[in-house]
Amino acid sequence: MSKSILVVGGGFSGLTAAVEAAEAGYDVYIVEKESYLGGRVAQLNKYFPKLCPPTCGLEINFRRVKTSPRITFYSMAEVQSISGSPGNFKVKLKVNPRFTTPQCTNCKPGEEASTTEVPDQFNFGMSTRKAIYMPHPMAFPNQCVVDAAVAATEEGQNIKAAMPAGHVDLNQKAEVVDLEVGAVIVATGWQPYDPNKMDNLSFSQFDNLITNMMMERLASPSGPTEGKILRPSDQAEPKSVGFVQCAGSRDENHLPYCSYICCMATLKQAMYIREQNPDIEVYIFYIDIRSPGRKYENFYKKVKADDKVHFIKGKVAEVKAGSDGNVILVAEDTIGGGRVEQEVEMGVLATGMQPVGAVSPLPGVKYDSDGFVIPKEGIIPCGCAKRPVDVVSSAQSATAAALKAIQVVRRAG
Amino acid sequence: MSKKIGLYIYTGDGIADAVDVDKLVELATGDLNIPVVRTHDNLYSPEGAAMVKADIEKEGVNAVLLAGLSPRYEFKDFDFPGVLVEKVGIRELVAWSHPVNPEDENAEAQKEHVQELAEDYLRMYAAKMGKAELPEPYKMEQVNQRILVIGGGVTGLTAALEAAEAGHEAVIIERESELGGHAAKYRKQIPIGPDYSHLADPIVGDLIARVQANDKIQVKTGTEIARIGGVPGAFRASLKPAGTKSEWDAPVPLTDEEKLDENGNELSAEDQKKKYDEKNEGRQDYMQEDPSAEVFGAIVLASGWTPYEPADDEFPHLGWGKNGVVTNWQLEEMASSGQIKRPDGRAVKSIAFVLSPGAKEDDADFPYASAVTSLVALKQAKMFRESNPDGRAYIFYQHMRTPGQYEYFYKGLQDDAGIFLTKGAVTEVKDGAAGALTVNVENTILGEDIAVDVDMVVLATGMVPTTRDEAVVNLAYRQGPAFRDLDLFGGYCDSNFICFPYETRRTGIYAAGGVRRGMTIEESIEDATGATLKAIQCLQAVDEGHAVHPRTWDYDFPDFYFQRCTQCKRCTEECPFGALDDDEKGTPKPNPTRCRRCGTCMGACPERIIGFKDYNIDIVGSMIKAIEVPDDDEDKLRMIIFACENDAYPALDQAARKGNAWSPLVRIIPVRCLGSVNVSWIKDAMSSGIDGALLLGCKYGDDYQCHFVKGSELANRRMENVAETLNSLGMEPERVKLAQIAIDEFDKVPGIINDFVEEIVGMGPNPFKGW
Chain R
1 MSKSILVVGG
11 GFSGLTAAVE
21 AAEAGYDVYI
31 VEKESYLGGR
41 VAQLNKYFPK
51 LCPPTCGLEI
61 NFRRVKTSPR
71 ITFYSMAEVQ
81 SISGSPGNFK
91 VKLKVNPRFT
101 TPQCTNCKPG
111 EEASTTEVPD
121 QFNFGMSTRK
131 AIYMPHPMAF
141 PNQCVVDAAV
151 AATEEGQNIK
161 AAMPAGHVDL
171 NQKAEVVDLE
181 VGAVIVATGW
191 QPYDPNKMDN
201 LSFSQFDNLI
211 TNMMMERLAS
221 PSGPTEGKIL
231 RPSDQAEPKS
241 VGFVQCAGSR
251 DENHLPYCSY
261 ICCMATLKQA
271 MYIREQNPDI
281 EVYIFYIDIR
291 SPGRKYENFY
301 KKVKADDKVH
311 FIKGKVAEVK
321 AGSDGNVILV
331 AEDTIGGGRV
341 EQEVEMGVLA
351 TGMQPVGAVS
361 PLPGVKYDSD
371 GFVIPKEGII
381 PCGCAKRPVD
391 VVSSAQSATA
401 AALKAIQVVR
411 RAG
Chain X
414 MSKKIGLYIY
424 TGDGIADAVD
434 VDKLVELATG
444 DLNIPVVRTH
454 DNLYSPEGAA
464 MVKADIEKEG
474 VNAVLLAGLS
484 PRYEFKDFDF
494 PGVLVEKVGI
504 RELVAWSHPV
514 NPEDENAEAQ
524 KEHVQELAED
534 YLRMYAAKMG
544 KAELPEPYKM
554 EQVNQRILVI
564 GGGVTGLTAA
574 LEAAEAGHEA
584 VIIERESELG
594 GHAAKYRKQI
604 PIGPDYSHLA
614 DPIVGDLIAR
624 VQANDKIQVK
634 TGTEIARIGG
644 VPGAFRASLK
654 PAGTKSEWDA
664 PVPLTDEEKL
674 DENGNELSAE
684 DQKKKYDEKN
694 EGRQDYMQED
704 PSAEVFGAIV
714 LASGWTPYEP
724 ADDEFPHLGW
734 GKNGVVTNWQ
744 LEEMASSGQI
754 KRPDGRAVKS
764 IAFVLSPGAK
774 EDDADFPYAS
784 AVTSLVALKQ
794 AKMFRESNPD
804 GRAYIFYQHM
814 RTPGQYEYFY
824 KGLQDDAGIF
834 LTKGAVTEVK
844 DGAAGALTVN
854 VENTILGEDI
864 AVDVDMVVLA
874 TGMVPTTRDE
884 AVVNLAYRQG
894 PAFRDLDLFG
904 GYCDSNFICF
914 PYETRRTGIY
924 AAGGVRRGMT
934 IEESIEDATG
944 ATLKAIQCLQ
954 AVDEGHAVHP
964 RTWDYDFPDF
974 YFQRCTQCKR
984 CTEECPFGAL
994 DDDEKGTPKP
1004 NPTRCRRCGT
1014 CMGACPERII
1024 GFKDYNIDIV
1034 GSMIKAIEVP
1044 DDDEDKLRMI
1054 IFACENDAYP
1064 ALDQAARKGN
1074 AWSPLVRIIP
1084 VRCLGSVNVS
1094 WIKDAMSSGI
1104 DGALLLGCKY
1114 GDDYQCHFVK
1124 GSELANRRME
1134 NVAETLNSLG
1144 MEPERVKLAQ
1154 IAIDEFDKVP
1164 GIINDFVEEI
1174 VGMGPNPFKG
1184 W
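Residue numbers (this note's numbering), protein chains in the order written: chain R, 1 to 413; chain X, 414 to 1184.
None of these hints come from the bench; they were simulated from the model. Only a predicted model underlies this, so the values are computations on that prediction, with no experimental measurement involved. Note that the Cβ used here is the ideal one computed from N, Cα and C, for glycine as well. Possibly wrong hints are sitting among the right ones.
Only some residues are given here: those of chain R computed to face chain X with a beta carbon under 8 Å [claimed, not checked]:
{"id": "1", "residue": "C52"}
{"id": "2", "residue": "F299"}
{"id": "3", "residue": "A305"}
{"id": "4", "residue": "K308"}
{"id": "5", "residue": "H310"}
{"id": "6", "residue": "I328"}
{"id": "7", "residue": "V330"}
{"id": "8", "residue": "P388"}
Restraint-style ranges between C-beta atoms, simulated for each label pair [as the list claims (entries may be wrong)]:
{"id": "9", "chain 1": "R", "residue 1": "K320", "chain 2": "X", "residue 2": "I863", "range": "48 to 58 Å"}
{"id": "10", "chain 1": "R", "residue 1": "A317", "chain 2": "X", "residue 2": "E774", "range": "44 to 54 Å"}
{"id": "11", "chain 1": "X", "residue 1": "N1167", "chain 2": "R", "residue 2": "S233", "range": "49 to 59 Å"}
{"id": "12", "chain 1": "X", "residue 1": "E470", "chain 2": "R", "residue 2": "S81", "range": "17 to 27 Å"}
{"id": "13", "chain 1": "R", "residue 1": "V118", "chain 2": "X", "residue 2": "G1072", "range": "21 to 31 Å"}
{"id": "14", "chain 1": "R", "residue 1": "A165", "chain 2": "X", "residue 2": "E554", "range": "51 to 61 Å"}
{"id": "15", "chain 1": "R", "residue 1": "G413", "chain 2": "X", "residue 2": "E727", "range": "30 to 40 Å"}
{"id": "16", "chain 1": "X", "residue 1": "G1072", "chain 2": "R", "residue 2": "S360", "range": "37 to 47 Å"}
DSSO-like cross-link-like pairs, simulated, lysine-lysine; straight-line CA separation at most 27 Å [claimed, not checked]:
{"id": "17", "chain 1": "X", "residue 1": "K601", "chain 2": "R", "residue 2": "K46"}
{"id": "18", "chain 1": "X", "residue 1": "K416", "chain 2": "R", "residue 2": "K160"}
{"id": "19", "chain 1": "R", "residue 1": "K3", "chain 2": "X", "residue 2": "K1002"}
{"id": "20", "chain 1": "R", "residue 1": "K3", "chain 2": "X", "residue 2": "K629"}
{"id": "21", "chain 1": "R", "residue 1": "K320", "chain 2": "R", "residue 2": "K228"}
{"id": "22", "chain 1": "R", "residue 1": "K66", "chain 2": "X", "residue 2": "K1112"}
{"id": "23", "chain 1": "X", "residue 1": "K524", "chain 2": "R", "residue 2": "K108"}
{"id": "24", "chain 1": "R", "residue 1": "K315", "chain 2": "X", "residue 2": "K824"}
{"id": "25", "chain 1": "R", "residue 1": "K66", "chain 2": "X", "residue 2": "K1026"}
{"id": "26", "chain 1": "X", "residue 1": "K1026", "chain 2": "R", "residue 2": "K315"}
{"id": "27", "chain 1": "R", "residue 1": "K301", "chain 2": "X", "residue 2": "K773"}
{"id": "28", "chain 1": "R", "residue 1": "K46", "chain 2": "X", "residue 2": "K1112"}
{"id": "29", "chain 1": "R", "residue 1": "K92", "chain 2": "X", "residue 2": "K489"}
{"id": "30", "chain 1": "X", "residue 1": "K489", "chain 2": "R", "residue 2": "K173"}
{"id": "31", "chain 1": "R", "residue 1": "K366", "chain 2": "X", "residue 2": "K824"}
{"id": "32", "chain 1": "R", "residue 1": "K228", "chain 2": "X", "residue 2": "K1112"}
{"id": "33", "chain 1": "X", "residue 1": "K1112", "chain 2": "R", "residue 2": "K304"}
{"id": "34", "chain 1": "X", "residue 1": "K524", "chain 2": "X", "residue 2": "K416"}
{"id": "35", "chain 1": "X", "residue 1": "K629", "chain 2": "R", "residue 2": "K239"}
{"id": "36", "chain 1": "R", "residue 1": "K108", "chain 2": "X", "residue 2": "K629"}
{"id": "37", "chain 1": "R", "residue 1": "K33", "chain 2": "X", "residue 2": "K489"}
{"id": "38", "chain 1": "R", "residue 1": "K66", "chain 2": "X", "residue 2": "K552"}
{"id": "39", "chain 1": "R", "residue 1": "K50", "chain 2": "X", "residue 2": "K1150"}
{"id": "40", "chain 1": "X", "residue 1": "K500", "chain 2": "R", "residue 2": "K302"}
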C-alpha cells in the first residue's frame, strides 16, 4: 500500500494538482515528458481576460515545488506501464538523460561550441537553437539540455569541453524508475490540433498563415521576434490580420466538440495586435463568440468596441493565395449574406485543443472517443485531459483531483 | 542567535571575469570581518555543498551566505537544518547585467563601477546576515479539524461529503428548511457525460441521502450565520434561526461616507464611535466571544445564487410584465410542479427562449448569464418537447455558448424538428392575435427577419451570486463582515487570480459553486471538491505552522513591539487579508493563522514596530546603510531599488540572463511585496546620501497582479506622501518613484532603471549627502 500520489504531466494542471496535494500533507511524484515543467501555458504570452503573464503564476508554483519536501519530479520522463489497483499501483517510468548536471544553469559557452542548429519546437520552429540549450528563458528546472543526437559525437565532446568541468555528462543513460503509488492523477493536457489535417485551409502552403499558438510565441517577449508580431515570410509588420475560428473544432471531420478557449484566445490576440499598432485591421470569422460569463463577456465587449476589429459570422471554408504573400479567407457571411473574400497580410488559424490521450494514450487508462480520460477509482483526470477547459477551470479541476487522489490513498491505507 | 558567518563566492559563469574576486575576499575577511570566506568555481555542485557542510560541522558556521546564483534557483543541497542560508545573486545582478567590453576606452572606469557594485552587495548581505534570525513556526495549541459548510445546495452537500471522505467532520448550515438548494427544484438536469443526448435525472436527492447517512456530517437547516470570529484552526461561528436577529450578529463598520459630517469633513474619533455604536445597537462588540459559538477549523462558502429577477421596467421591448413572459427560473419551477401554463390559464404549446436582451444594439447575454444560461435554454426546450410532442420551441441567441463536449447536446437538439434554433436579435415581444405573443427577430441566419407567435416567452436570465447583496459569511473582523471589493467582480466571490481561483481575502474561507461564477451542477461538484481541498490544506498549514498561499513555504510570522504602538490603526486597516483585529483602544491584535506574511503591516507602521525574524525594518535599513556612498564623486551617485520578489525580481533575472545591461549605480533589494516597504527605508536611504529610490512592483488597478492584492497600490499611495516630505525638505520629489512591472517585461526593466538613473543624474547629488 502506498500513500503517494503520481501526477502524470507537469503542465499547469499537473503542477497545481501536485502542489495542492503536497501542501495537504501527501507525497507526490510528477512525471513530465518535456525537459521543463509548465507545459502549454509556458508558451503563452498572456492569459485572458486579465492579460497577465503566465510566468507570474508559474513562478509561484515552481517555488512551491522547490520548497516542498514532499514533491519529487522527473522531467524528460515517460510512463511505461501502470499496473495494480487503487492504493497499490506499480508504475514504471523511463527517464531520459539530459546529459547535464543540476549546476548546469548557463550554457552560453556550450552554445558557442555547438555547430548544430535545429528548429526550436518551443517556438514551433520559428527560430533555431543549438544542440545544448535552455528549454526557454523561464524554464524550470533551470538546467540545460544536450540533444541526445550529439551525445556520442565529436560535437558533444566539444560542447562538454567548452562548458565548465562537471556541467556536462555525456555518459548519462536512460533510467527506469519504479514507483509505488496509491493514486494516479492524469494531467497530460492537450496539444494544438494539427492544422495540416484541414485540407481546405492549406496551412502548409502559406508562410503567412500561422496557428494561434504560433501567435502566442510571436507576441511573447521571449519569442522568436522578441514580442513583435511580424509576418514569417518577410518579417514585416502585417497591416491586416484575419482569424479563422473553429479551425478544426465543432467539425465532425476533426474535433467534433468545442475547444472552449479559442474564442477568448482570439479576442486576446486581437488585443495584442491592436496594442502593437493602432493601424492594423483585424478580421475575425466565427460561428459563435463563446465568451460566457461576466468576465469573458466584458472582455468581448472591450474588443468589440474597437472599430478596427471586425467580426464576421461565417466559417472560413477556404484559404487562397493573395498578392505579396497575403492570404485570402473565403467564407459565407451568414448575417450580411453572400460570399466574403477577405485578403489579409497574415492569417491565424484558431486551432482547437486535442487531448494528448487522443494521440499518445497512457497504458492502463481508458479514454472516450475524443481522447478524454474516463475516470475510475484511483485514476483521476484533470484539466484538459478531462475536458477542454481554460486555465482557471484547469486550476479548479486539478485542485479537486488532488482531493480525490487523497481520498483514494486514505481509503487504501 | 550568536552567528558565525560563512561566505561562499561562486567564481564561475563569468563572475571572476567581471569582478576582482581577491578584492571581494579581502573586503569580506577585512572590513566585513567574516570569519570563513571561500571561493569555488563550481560552488553549486555536490563538492561545493560538501565544502559548506564541512565548515558547518568543523568550523561551526551557522549562517551561510552564497554569493553567486540568484536566490530563485534550486538549492536542495544547501538546505542545512538549523543554519541560516542566504543567497545573493551576484551572477545576475553584477556579472551578467553589467558586461564590460575591454575594447571600450573607459573600460577601466566601468570595471571599477562593477567592482563597487559587487562589494556593496557583499556589504548589504553581510549586514543582513548579522541581523536575520531563523524563523520559528507559529503553533496553535489545538487545531480544530471540522469544516463549516455554508449552504446546503449541490455545492455545499458535495463539500461536506468530500470533507467527510477525507476524514474531516463537517457541518452544513442551510438557511431554507430543506437541503438541496435550487437543484432540488429541477425536474431534469443538463446531460452529464457522453453522448450528451439524454437529460439526466436530478442527482441532488442522492447527495442529500448520502449526507444524511454520513455520521461525520451534521446538518442544520433553517439556520444562518450570525457571526464568525476567530481564526483558521479555530473559527467561532455563532448560528441563529434563519431570518431572526441576534445580539451576535456581526457588527458593520462605518463606511467611508459615514465617517464624514454633512460638510464632508471627517468626524472626530468620538463622533465616529458614537455613530458606529448607533449603527450596531443591540449587537455585541466584534471582539466579544460568544460562549455558545461552535468551533471550526476552516470554512467552505457555498451559498450559491439567486435567479436574476428583472426590474419592472427592465427589458420593455421583451414584454417583461406581460402575461406569458417569464424568466427561465420561473419556467423551471413550473416544470417541476408539472404544469407549464400562463397565469391567465392559457395552455402553452409553443415557447420562445430569448438568450440576448440587447436587440440589435448589443449581442451580450443577460446580466449574470454564463454558459449555464445557454445550456439551460436547451435543456428547457428539450424538457418541453419531451412532454409536448406537438409543441414547438424557438431558441433565439446571439452566441450559442455550449463549451467543450456540451456541443454534442446542442448538436443533438438540432435534429429535433420541433426545436428551432437561430442566431438573431429579438427586437420586440408584443401581443399577437388571440392572446398569443408575437416575437420579432432581426438579423437572423436565415437571411430574413422573422416574426413568430408563441404562447410563452422565456428570458434566459442569469444567476446572481448571493455575495452581491449580502455579506453571508458575517465575519466579526476589524475590517467588517464581508469579503472586500467584490464589486470589482460584479459581486461574485472571485479570487481575481487566474492561476489561484480559490484564493479569497479571508484566510481559511474558500468559496465554491455559483457564488464564484455561473456553473453547471457538474462543475459545481468539481468546484466544491477543490474548495474543500483548500480548506483541509489550510488546516495542514496551520498545524505545521507555516503560511498558506502564496508564501506557503514561510514559517515566519510578524512580531509586534506593542509598547511603542500609537494605535494609529494603519496596520489593521491596510492588511489586505483582514488578519488584524484590535481592542477598544485600537491596539492591534495579530491573528497569525490569518496572516499571509506579505509584510503590508510592516510597511504601514509609522512606529516601525512590526517585523519578521528574517525580514524587518532593521534588516533592510541596515542593508541600505551598508551601501558605501562616495561623498564627492558626481559620477558615482547611488540609487536603491526595492524590487518585488514575485514579479520584478524575476524580470531582472531574465534581463540579466539576456545580457540586457542596466546602470551599475543602482543597488537592488528584493522585498516580499511593495506593500512591505516602509517609508523609513526611504528616509534611511536619503539620510545616508543615496540619491534616489525606485520601487518596482506589480500592476495595480482593477486587474491587479499583486499576489497580496493591494501591496503595490498601497506603496504608491505611501510614496506620494514621501514625495511631499521630500518637497518640504527642498528635495526633488522625483527622487522617489514607483514603476509597475510584470514578470515578463524583462525587455523593459533595464530601460525603466536607466531612465530613472538618468533623471537622478540630471538632478545631481542628494543635497544631504555627506551630512
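We went through each hint and held it up to the structure:
{"no.": "1", "hint": "C52", "in the structure": "holds (5 Å)"}
{"no.": "2", "hint": "F299", "in the structure": "violated (11 Å)"}
{"no.": "3", "hint": "A305", "in the structure": "violated (11 Å)"}
{"no.": "4", "hint": "K308", "in the structure": "violated (18 Å)"}
{"no.": "5", "hint": "H310", "in the structure": "violated (14 Å)"}
{"no.": "6", "hint": "I328", "in the structure": "violated (23 Å)"}
{"no.": "7", "hint": "V330", "in the structure": "violated (18 Å)"}
{"no.": "8", "hint": "P388", "in the structure": "holds (5 Å)"}
{"no.": "9", "hint": "K320/R <-> I863/X: 48 to 58 Å", "in the structure": "violated (34 Å)"}
{"no.": "10", "hint": "A317/R <-> E774/X: 44 to 54 Å", "in the structure": "violated (30 Å)"}
{"no.": "11", "hint": "N1167/X <-> S233/R: 49 to 59 Å", "in the structure": "violated (35 Å)"}
{"no.": "12", "hint": "E470/X <-> S81/R: 17 to 27 Å", "in the structure": "violated (44 Å)"}
{"no.": "13", "hint": "V118/R <-> G1072/X: 21 to 31 Å", "in the structure": "holds (23 Å)"}
{"no.": "14", "hint": "A165/R <-> E554/X: 51 to 61 Å", "in the structure": "holds (53 Å)"}
{"no.": "15", "hint": "G413/R <-> E727/X: 30 to 40 Å", "in the structure": "violated (56 Å)"}
{"no.": "16", "hint": "G1072/X <-> S360/R: 37 to 47 Å", "in the structure": "holds (38 Å)"}
{"no.": "17", "hint": "K601/X <-> K46/R", "in the structure": "violated (39 Å)"}
{"no.": "18", "hint": "K416/X <-> K160/R", "in the structure": "violated (40 Å)"}
{"no.": "19", "hint": "K3/R <-> K1002/X", "in the structure": "violated (40 Å)"}
{"no.": "20", "hint": "K3/R <-> K629/X", "in the structure": "holds (23 Å)"}
{"no.": "21", "hint": "K320/R <-> K228/R", "in the structure": "holds (25 Å)"}
{"no.": "22", "hint": "K66/R <-> K1112/X", "in the structure": "holds (26 Å)"}
{"no.": "23", "hint": "K524/X <-> K108/R", "in the structure": "holds (22 Å)"}
{"no.": "24", "hint": "K315/R <-> K824/X", "in the structure": "holds (17 Å)"}
{"no.": "25", "hint": "K66/R <-> K1026/X", "in the structure": "holds (22 Å)"}
{"no.": "26", "hint": "K1026/X <-> K315/R", "in the structure": "violated (61 Å)"}
{"no.": "27", "hint": "K301/R <-> K773/X", "in the structure": "holds (14 Å)"}
{"no.": "28", "hint": "K46/R <-> K1112/X", "in the structure": "holds (14 Å)"}
{"no.": "29", "hint": "K92/R <-> K489/X", "in the structure": "holds (25 Å)"}
{"no.": "30", "hint": "K489/X <-> K173/R", "in the structure": "holds (23 Å)"}
{"no.": "31", "hint": "K366/R <-> K824/X", "in the structure": "holds (25 Å)"}
{"no.": "32", "hint": "K228/R <-> K1112/X", "in the structure": "holds (22 Å)"}
{"no.": "33", "hint": "K1112/X <-> K304/R", "in the structure": "holds (24 Å)"}
{"no.": "34", "hint": "K524/X <-> K416/X", "in the structure": "violated (33 Å)"}
{"no.": "35", "hint": "K629/X <-> K239/R", "in the structure": "violated (64 Å)"}
{"no.": "36", "hint": "K108/R <-> K629/X", "in the structure": "violated (59 Å)"}
{"no.": "37", "hint": "K33/R <-> K489/X", "in the structure": "holds (22 Å)"}
{"no.": "38", "hint": "K66/R <-> K552/X", "in the structure": "holds (24 Å)"}
{"no.": "39", "hint": "K50/R <-> K1150/X", "in the structure": "holds (25 Å)"}
{"no.": "40", "hint": "K500/X <-> K302/R", "in the structure": "violated (44 Å)"}
Hint compliance for this structure: hints 2, 3, 4, 5, 6, 7, 9, 10, 11, 12, 15, 17, 18, 19, 26, 34, 35, 36, 40 are not met, and every other hint is.
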